[in-house]
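Asks: Take a look at the letters that make up each chain.
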Amino acid sequence: MKKGLAWKSIGFALLCLFAMNKTVHAEPYLAVQKGLKCSTCHMAASGGGQRTPYGSAFAQTELPARTLDMGKLWTGEIGRYFAVGGNIRGGWNRLDVPGRSSISDTELEEFLAYIEIKPFPKYLTLYVDAKLRPDDPEIREQYARLTLPKGRWSIQAGEFFLPYGLRIQDDEAFIRQVSGINFNAPDTGWQVGFEEGAWSGQLAVTRGTAGGPEVDSGKQYSLRVSHVTPKWRGGGSFNFNDASVGDRQMQNVFGGVRTGPIAWLAEIDCIIDDGTPTGKRRSWASLIEANYGYRKGHNLRASFEWFDPDDDVPDDEQNRFSVIWEYSPIQFLQTRIGYRDYNGIPQNPGQNREQLFAELHVFF
Amino acid sequence: MRLLIIILLGFALGGCSAGSGKGLDVSGRPLSEGGDLPLAATLASIQANVFNPSCIVCHSGASAPLGLRLDAASSYTALVGVSSSQNGSFKLVAPANPDASYLIKKLEGTAAEGEQMPLGGPPVPQATIDFVRQWITDGAAPDSGGPASQPPVVVSLTPVPASASTDFPSQIAAGFDQDVDASTINDLTFTLHRSGGDAQFDNGNDVVITPAAVALSPMNARLAVMDLTGVAAVEDRYRITLSGAGTNVILSVSGLTLDGEFAGSFPSGDGTQGGDFVAEFDVQGLQASLDSIQANVFTPTCAFSGCHSGPAGPNLPAGMDLSSADASFASLVDVASIQVPVTMRVATGIADDSYLIRKLEGTAAAGSRMPLGGPFLDQVTIDVIRAWIDSGAAR
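First to last, the sequence lines map onto chains A and B. In case it helps, the working numbering puts the first sequence at residues 35 to 398. In case it helps, the working numbering puts the second sequence at residues 5 to 399.
The set of hints was computed from the structure by calculation and includes no laboratory data. For clarity, every value in this text was computed on a predicted model and none was experimentally measured. Just so you know, not all the hints are guaranteed correct.
[As the list claims (entries may be wrong)] Using 16 Å as the maximum straight-line C-alpha spacing, the simulated EDC-like pairs for lysine to aspartate or glutamate come out as follows:
hint	chain 1	residue 1	chain 2	residue 2
1	A	K314	B	E117
2	A	K165	A	E144
3	B	K26	A	E144
4	B	K26	A	D349
5	A	K68	A	E96
6	A	K314	A	D281
7	A	K253	A	D276
8	A	K165	B	E117
9	B	K26	A	D276
10	B	K26	A	E96
11	A	K165	A	D139
12	A	K152	A	E111
[What the hints assert, rightly or not] Across the chosen pairs, the derived CB separations fall in these ranges:
hint	chain 1	residue 1	chain 2	residue 2	range
13	B	L320	A	F116	24 to 34 Å
14	A	A191	B	I354	22 to 32 Å
15	B	Q343	A	P247	26 to 36 Å
16	A	I151	B	Q343	24 to 34 Å
17	A	Q203	B	G396	26 to 36 Å
18	A	Q203	B	D295	30 to 40 Å
19	A	L166	B	G113	16 to 26 Å
20	B	D171	A	D308	46 to 56 Å
All residues carry an ideal CB built from backbone N, CA and C; glycine is no exception.
Turn these sequences into a full structure, and let the hints steer you where they fit.
Replies: See the structure below:
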């Protein structure tokens with residue numbers, strides 16, 4: 035047997051093995067395409083961060099157009115008690131704002147490192163997600179997770195991203211930006227997780243300061259429940275932040291379905307803020323996204339988002355169209371080229387910008 | 005199923021167009037709530053033109069990132085004088101000091117931590133940020149919300165009172181907490197003297213400085229500016245007086261007299277109308293004292309964020325904290341170098357044996373010459389630091 039074929043077989047076997055163990059997760063559209071739960075490919079039950087061995091194997095065998103023969107499959111695991119991973123993103127970005135000169139820049143956007151220490155494998159995990167910079171690393175997540183026997187229940191304590199809706203990578207999507215629950219806003223507290231068959235649930239109680247210090251006795255309560263089948267998934271989230279400056283209540287429904295080569299994602303959020311200068315304010319944010327995996331290693335994404343900042347105020351809505359081509363030529367590497375068109379009220383040029391971008395993503 | 009999705013998508017796209025903006029201000033709020041304001045160096049204008057349209061979509065409500073709320077009811081108390089939670093060595097807004105204000109660093113994209121703000125959005129134009137800078141330079145005053153019933157007070161001054169600098173200022177700017185009557189800002193109510201070389205005033209040899217102009221800023225009715233263009237730069241002690249007593253006094257637009265008494269911290273005043281505001285500053289060459297070296301070398305050259313900015317500790321470079329004279333003294337004098345532990349950073353009385361001097365002159369056995377990447381200090385400046393060390397490196 036040729037060496038390349040041998041390691042591909044090992045990779046496929048690993049995929050099957052981990053899939054049978056039902057311990058996976060990935061970028062949402064990939065999870066929809068494959069009918070997998072988020073926790074199949076990522077350590078976090080709602081996605082993102084360190085990849086599981088299955089996630090690593092998937093990224094090397096299923097995601098790229100071509101897999102280079104590198105001898106053996108990288109699983110992220112270094113021995114039984116230690117695992118690492120990382121994401122490096124950089125690229126070029128151009129913004130066109132009406133009435134202003136175009137802005138373009140090239141930069142290293144982020145270098146994320148994930149470290150997982152497992153003193154008691156399968157039961158106790160210590161996890162750190164750090165953004166590395168030359169002079170000032172930033173810890174994004176740091177928590178300890180205890181998983182009970184049979185893997186059904188888990189409890190974690192520390193600083194982590196909150197469970198709420200679809201955890202897509204784009205933090206600037208309205209559903210991520212407006213809800214304030216994204217990769218820029220970890221919170222500190224504890225979380226109980228439940229994984230059983232097609233069901234997945236998380237309940238978190240945290241400070242409610244989006245990464246800031248504790249300022250009052252009120253807490254933030256986040257609940258996310260989802261049901262995943264091979265063809266479709268659906269779920270809902272509820273979040274209540276009890277704050278002295280005025281409470282915030284958020285709720286959403288989200289889902290995904292696969293129709294042939296297209297994976298669809300959708301979410302709609304309703305956000306109610308107390309304590310605004312005009313009293314209670316209700317806003318809406320939504321996303322619908324189609325991902326067309328027309329060939330192995332390629333994904334063509336089109337999305338439409340809509341945002342109503344205050345449903346008592348007419349004519350203030352915003353929307354955003356995106357078209358993105360993602361290409362993973364080989365394992366550990368992904369390129370992304372995209373265009374976004376923002377539309378909002380004409381008197382605010384920033385709400386009517388256009389964006390072109392190209393991104394190189396290296397991950398392991 | 006596919007047909008159903010396409011139909012739903014069609015409805016979504018067709019029914020979710022962007023708003024026309026009719027009857028709304030630039031922030032998308034009804035004009036009846038206040039409407040647009042012209043750009044000016046006031047909090048109300050910055051709120052209307054920067055925070056509302058660009059920031060509060062995230063920075064509002066109970067879940068504002070880092071707990072930082074920038075809605076109109078919260079922005080002043082959340083920003084002014086409040087330490088950054090990303091970098092505690094900076095205030096979000098440090099009154100009178102925009103370069104040390106984290107808000108400016110985040111808007112201009114020069115902060116070491118996190119992304120440039122607004123996140124993912126177009127950056128705020130520099131011309132707009134300059135108004136934010138000016139508001140901070142003016143003292144970052146809150147908005148009065150109408151004619152004031154209290155007498156005006158001074159909330160900021162540039163140069164900073166009791167400061168020492170090697171550079172003669174090109175202008176003096178005094179900020180007030182409320183709009184003042186432009187006709188009362190002139191060379192009789194806003195004056196500058198120098199001591200005549202003896203650092204003493206009112207002893208017969210004071211020199212009156214004649215400025216190029218004295219006026220209220222045309223952009224900001226709370227900022228009085230003395231233009232010193234063409235004034236000879238003389239090393240001396242200077243005294244600034246804003247008149248709140250006598251015949252010629254500074255008045256607010258509501259006719260109240262300046263409450264000027266100043267005891268070293270802002271705002272001025274004793275709660276009643278009247279009283280001159282008096283503050284002094286020095287223009288002097290670099291002195292062989294830690295305060296002078298701090299002001300002229302360490303603070304502007306070494307104590308940047310991410311460099312020797314503290315907090316003190318074992319990790320270089322921040323751990324060698326040069327952010328204040330006290331911190332520098334604690335970090336340097338008779339403290340062993342981490343790079344070469346047998347050498348004191350400052351060996352009291354012996355400049356040649358001091359690691360600080362070796363690093364500044366580029367003769368250290370380890371690491372790079374400081375300031376890292378240059379430009380390096382000229383030898384005249386280093387010689388003053390040598391003199392301070394040789395004379396005992398006193399605090």
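Asks: The structure should be examined with respect to each hint, and the outcome stated for every one.
Replies: Here is how each hint holds up against the structure:
1. A:K314 with B:E117: Roughly 33 Å separates the two Cα atoms, so the pair is violated.
2. A:K165 with A:E144: 7 Å, holds
3. B:K26 with A:E144: Judged against 16 Å, a Cα distance of about 40 Å means the pair is violated.
4. B:K26 with A:D349: At roughly 6 Å apart (the allowed maximum being 16 Å), D349 of chain A and K26 of chain B satisfy the hint.
5. A:K68 with A:E96: 10 Å, holds
6. A:K314 with A:D281: 10 Å, holds
7. A:K253 with A:D276: 5 Å, holds
8. A:K165 with B:E117: Status holds; Cα separation ~10 Å.
9. B:K26 with A:D276: The hint is violated at about 34 Å.
10. B:K26 with A:E96: 50 Å, violated
11. A:K165 with A:D139: 21 Å, violated
12. A:K152 with A:E111: This hinted pair holds, its Cα atoms lying about 10 Å apart.
13. B:L320 with A:F116: 24 to 34 Å: 28 Å, holds
14. A:A191 with B:I354: 22 to 32 Å: 53 Å, violated
15. B:Q343 with A:P247: 26 to 36 Å: The hinted range 26 to 36 Å holds for Q343 of chain B and P247 of chain A, with Cβ atoms some 35 Å apart.
16. A:I151 with B:Q343: 24 to 34 Å: Given range 24 to 34 Å: holds, Cβ gap about 32 Å.
17. A:Q203 with B:G396: 26 to 36 Å: At 59 Å between Cβs, range violated.
18. A:Q203 with B:D295: 30 to 40 Å: 51 Å, violated
19. A:L166 with B:G113: 16 to 26 Å: 19 Å, holds
20. B:D171 with A:D308: 46 to 56 Å: 51 Å, holds
When each numbered hint is compared with the structure, violations occur for hints 1, 3, 9, 10, 11, 14, 17, 18.
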